[in-house]
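A.B. asks: Residues per chain, in single letters:
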Amino acid sequence: MNTSTSLRVRLPALVLVLQVVIITLYALFVTYDDNADAKMQNNETNPMENSVYRDYPFFADVQVMIFIGFGCLLAFFRFYGFSGMVFNFLTATFTIQWAILVQGFFQFYYDGKIHLGVINLVNAEFACAVILISFGAVLGKTSPVQLLFMAILEVPFFAVTEWAVLKYLRINDAGGSILIHLFACYFGLGVTFVLYRPVLNKGHAKEITSYHSDILSVMGTLFLWVFWPSFNSALTIKGDDQHRAILHTFIGLSSSTITAFALSALFNKRGKLTMADIQNVTLAGGVTVGASADMMISPVAAYVLGIMGCTACFFGYRYLSPFLAQTMRIQDQCGIHNLHGLTGLISSTAGICAILLANEETYGPSMYQIFSHRAPPLGDPKLLELQKLIPGLKPGLGRSAEEQAMYQLAAIASTIAAATIGGLITGWVMRLPFMASPPDGDCFDDELFFDLPPDAGTTVLSDTKIFDEKLKMNSV
Amino acid sequence: MNTSTSLRVRLPALVLVLQVVIITLYALFVTYDDNADAKMQNNETNPMENSVYRDYPFFADVQVMIFIGFGCLLAFFRFYGFSGMVFNFLTATFTIQWAILVQGFFQFYYDGKIHLGVINLVNAEFACAVILISFGAVLGKTSPVQLLFMAILEVPFFAVTEWAVLKYLRINDAGGSILIHLFACYFGLGVTFVLYRPVLNKGHAKEITSYHSDILSVMGTLFLWVFWPSFNSALTIKGDDQHRAILHTFIGLSSSTITAFALSALFNKRGKLTMADIQNVTLAGGVTVGASADMMISPVAAYVLGIMGCTACFFGYRYLSPFLAQTMRIQDQCGIHNLHGLTGLISSTAGICAILLANEETYGPSMYQIFSHRAPPLGDPKLLELQKLIPGLKPGLGRSAEEQAMYQLAAIASTIAAATIGGLITGWVMRLPFMASPPDGDCFDDELFFDLPPDAGTTVLSDTKIFDEKLKMNSV
Amino acid sequence: MNTSTSLRVRLPALVLVLQVVIITLYALFVTYDDNADAKMQNNETNPMENSVYRDYPFFADVQVMIFIGFGCLLAFFRFYGFSGMVFNFLTATFTIQWAILVQGFFQFYYDGKIHLGVINLVNAEFACAVILISFGAVLGKTSPVQLLFMAILEVPFFAVTEWAVLKYLRINDAGGSILIHLFACYFGLGVTFVLYRPVLNKGHAKEITSYHSDILSVMGTLFLWVFWPSFNSALTIKGDDQHRAILHTFIGLSSSTITAFALSALFNKRGKLTMADIQNVTLAGGVTVGASADMMISPVAAYVLGIMGCTACFFGYRYLSPFLAQTMRIQDQCGIHNLHGLTGLISSTAGICAILLANEETYGPSMYQIFSHRAPPLGDPKLLELQKLIPGLKPGLGRSAEEQAMYQLAAIASTIAAATIGGLITGWVMRLPFMASPPDGDCFDDELFFDLPPDAGTTVLSDTKIFDEKLKMNSV
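Chains as they are written, first to last, in UniProt numbering: chain A, 1 to 476; chain B, 1 to 476; chain C, 1 to 476.
All clues given are correct.
Which copy is meant is left open, so a pair is good if it fits within one copy or across any two.
Using 30 angstroms as the maximum straight-line C-alpha spacing, the simulated BS3-like pairs for lysine-lysine come out as follows:
{"#": "1", "residue 1": "Lys238", "residue 2": "Lys113"}
{"#": "2", "residue 1": "Lys167", "residue 2": "Lys238"}
{"#": "3", "residue 1": "Lys39", "residue 2": "Lys382"}
{"#": "4", "residue 1": "Lys388", "residue 2": "Lys39"}
{"#": "5", "residue 1": "Lys272", "residue 2": "Lys202"}
{"#": "6", "residue 1": "Lys382", "residue 2": "Lys238"}
{"#": "7", "residue 1": "Lys388", "residue 2": "Lys238"}
Derived by calculation from the structure, the hints in this document are not laboratory data.
Put together the whole structure using the sequences plus the hints.
C.D. replies: Below is the structure:
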């Protein structure tokens, strides 16, 4: 097995191949969508009604989350700040350009072309969030080459699952609790299962934080926290649906945050706060309200969901993650199973409850917009009646609430299954030689892949004793 | 007196009680406003005219200010970065959920329900800014339990004052110079007066900054600086009023910034710049233009206001803060009296001048929109005439400029009085036992409430000599 | 020659003079534009159609780039973080208030007044970007007094060039590749040529980064990266033009980022990544797509432009910058010639190609909007015909594609010439005595102009040995 970790040949070679492929496919298949095409501008189009003004503000907010929020959050290791932030940058950037193609082929392809607008970028950012969440499971023990391979494979796995679920099962999932969080989580667990490193179960000397890395990571948390309402509402129906998605996400995050502080103090022997809880557990509420974010669940339900998600996430970090690592070979580095898996399951369940409880009394006729598959099918006289109340209402499938709930269940099960299989396959590919996989001793260390500034070395040197203590702080 | 500072029981217990109360009240009283209610969606509503598109961009900007701007700015102490940033996160999060209820009861309550939309969140963020400003007075010498109690009490004091002033005195205060900055300042001074710690007047060994904490704090300043125009304009009338509020705030901040650099160099013995000035004094202009931000004061007036506010703020830090601490038992840790009190007073005075100078020649008929209480009352024939020029103009109180000015004066006086009384009462509550108040020696130290990463300890150790020098740099 | 570097008298005196001048000119000449003037509000104006809602979101994004993006990026030196971030703050703030006047006189002056709206601020921010790019050439070896003088002189040089090029040559330059990047680059090179310090060619002991300064700088890069699409599209025509500018900028940045990673690993002897490449070279694509960002160049062309710009930029850093410093006395501290000059030239060339290839088949009749000077002149019957298809189309100059290309060439040449001459003159002024120019030994050192916190000193002391090694890491 090739054990060199120099990126000198492999990274440029891989990038070169990828760019040739991407350039070819972009040249052959990618063109502008109607809102970005000069030819479509005529005396009937009002420039200010261009879709860019509806999509771009949400796109920009999610960009901040992806590049700065995730980037800082993943820089929480003391000796792995460059890698956390910079590999996030590389992986996210590649993923978006790749997802434009792959998702584009499934969702925006007609007349022989993928039609590109800011809305594709928003979708690609969601694919990007998926890959970055999965990345959290293997943070510190993968090379950039491995991460690019993960993105290369995970994007199509995700795009196919997304397409199949949306096209055939037709579910409600505004904040992506099922398609984004559950998929990303179980894919990541699949990958890390294959990449299992027994020695890491004993704790790694460099698996520690520093005062500055902890602060940097909290900044990442805050950026994610602040813009999460934009994430959960970016793809909802415009108007009151998007309005509710913003309100619920904010409330859910809010209740989950104060719960995280309470639990952090309660379960600390000396009654102190733990930064890892504040960096991660506070965010659980954003995932938990996801699947029902745009529904009329009432503000108090969003509040309670935040508390539930936070509690599950907290105990997951405390008891489930060590259990998975010790007994099931699942080393979930950032605890994505807690922050995205458990919360995603709660969220999906809540979504099903909200679907079962939905009725015209609460929603009025616009129920058939939000739950579009419950709308009467084409030809049904009720459809015409409803279209008088809600102009432009599209014909649906005439599903009952119970039927829709069953489809949601099917979507959860098939997403988890597809993600796990995809993750296992991808993990297997990432274990191939020539991937520059870091040796056990060099995990969580920037030194392996970066030219470091002089002080980085000296810091390490003068603190050698710390290594021996094998501190396991913030190993979540 | 109980002197333990463990959060193990008290923080979770307090949070539990608060959550039970909040869940009960949310369940009983909080519903959606018309713009967030699916039932209101019908063939007459255009989704893109939903209020969320007018309010959310400003909400998001202010969120960045509250969570990232304030968070980084308050992390300027060398050993208190976790606390500054994280207690800000906790306090802000709790405040917003609490303010939704309390302000909601006073401002958005009808048909037996508080009606929730993003506009409530914007209002709640303003309440949040109030509590965080007051927090600045006691930074480093309070526990998170004390801070939550401060928020619990300050929110209703603020909401009642705000409601009474807006309902009975009916004032103009676009940027909240009176209701936000003056209230927050005098409330905070009231609290810190009661929490007086004589030993801190001699300077505290840990009351120092570090190279990194200073940079972090400047980043906070820059986030506040960049988004301050959104803050001052978030609640103005839409259109040209909001446009002017943005322009004036930008210009005021701008002139105050270069003034702060000049004064910082001028009053430094070696002609060097002091980071504390750049972190704080540069922002004075944003407060100073607040009360008149939406009026036709002319760009040059905004420029001059910025210089005036900055100068007052700078000399306040230099001469007034030490005086208040030494002779009046008012230990104003972050100098909120300089950045919010003095500037708030200048701003309020400028607002009165602008009101006295306002006339139809400058404003046209829209004068009666901005100064809505000067509009003719219902039944006055002039009202009908004006309504032809400005459709939808609401009947007012027929006040003269001088009358409006007197009401502004009354608002300033009663806000300061209410804030001071509220602050004193709240300070008294915060001194109760079981509040985990930090011992004098452990002020400005994260160690008390946080599990620290290994390097935090070593840093402190190797620099022990610094402590003895009792440096008072950046003690502002 | 006066060699004191105390700011005590000169900075306040200079600021005082500037403020008197600015206040006088604002008082005499600056008033509100129609969208910010209360008098213009009447029964025909819809508040939500105020220009502030079109301009402010882009303004706010660019503010983040200018103050936080540039601020963090320029803080990459280990001992020069305060200066990088804070001098950026001072220079940017002064530049905007000064540019409002100078650009306002050339672009927004009528009826004897400069008319102020958020659109002026957007323009002023672009002027600000120009000055900050030029600042990059002399980072670390200039005092704040010198930087203010640079801004005082560069703003009029820029405003005149911009005005002359736009009025007489009438070019297409959406992202400002010619007027912003090329101007800023050659102006900065002119300045640094005059400020040549032979001793710095041997490398300076303090010209190093630290672990934290590198992370801070990457954060700056990420903020610039995320909001660059707003920069390139802020001043395009609304609608599909702005939409395309966003798409192309994003794609260009994206391809340039992964190219930068590949090249960084390829040309590093040990196959590791270099932070300086990630901080700078990744951004090249944003400049390279600038001049043609709003045109129908196709997504794949944006992708290829990103790769080309990145490659030129990378080799520029590697080979051209040392050559310029050693043989041509041009010490380009941040390598602006690579990131803005070479990429600007590629971008301008690509713009010319896009102009030559533009035809009605691709663009439809809206070609005459984007390439407004190719529209038929007043009186031409074709104009009336086109106005039926595109209402509000303005008469143009009837230029052919080739003619327009020649004008673009003329604009490139004259911009470079004007910038170089302006830079040389400005450099000469900055060399005058009393400018507090730092002595060679104190370059790249915050100590000279800042009161430092205690730990900054100790850090330097304990690492003295590092100095002797004369490391030249990240000296770009």
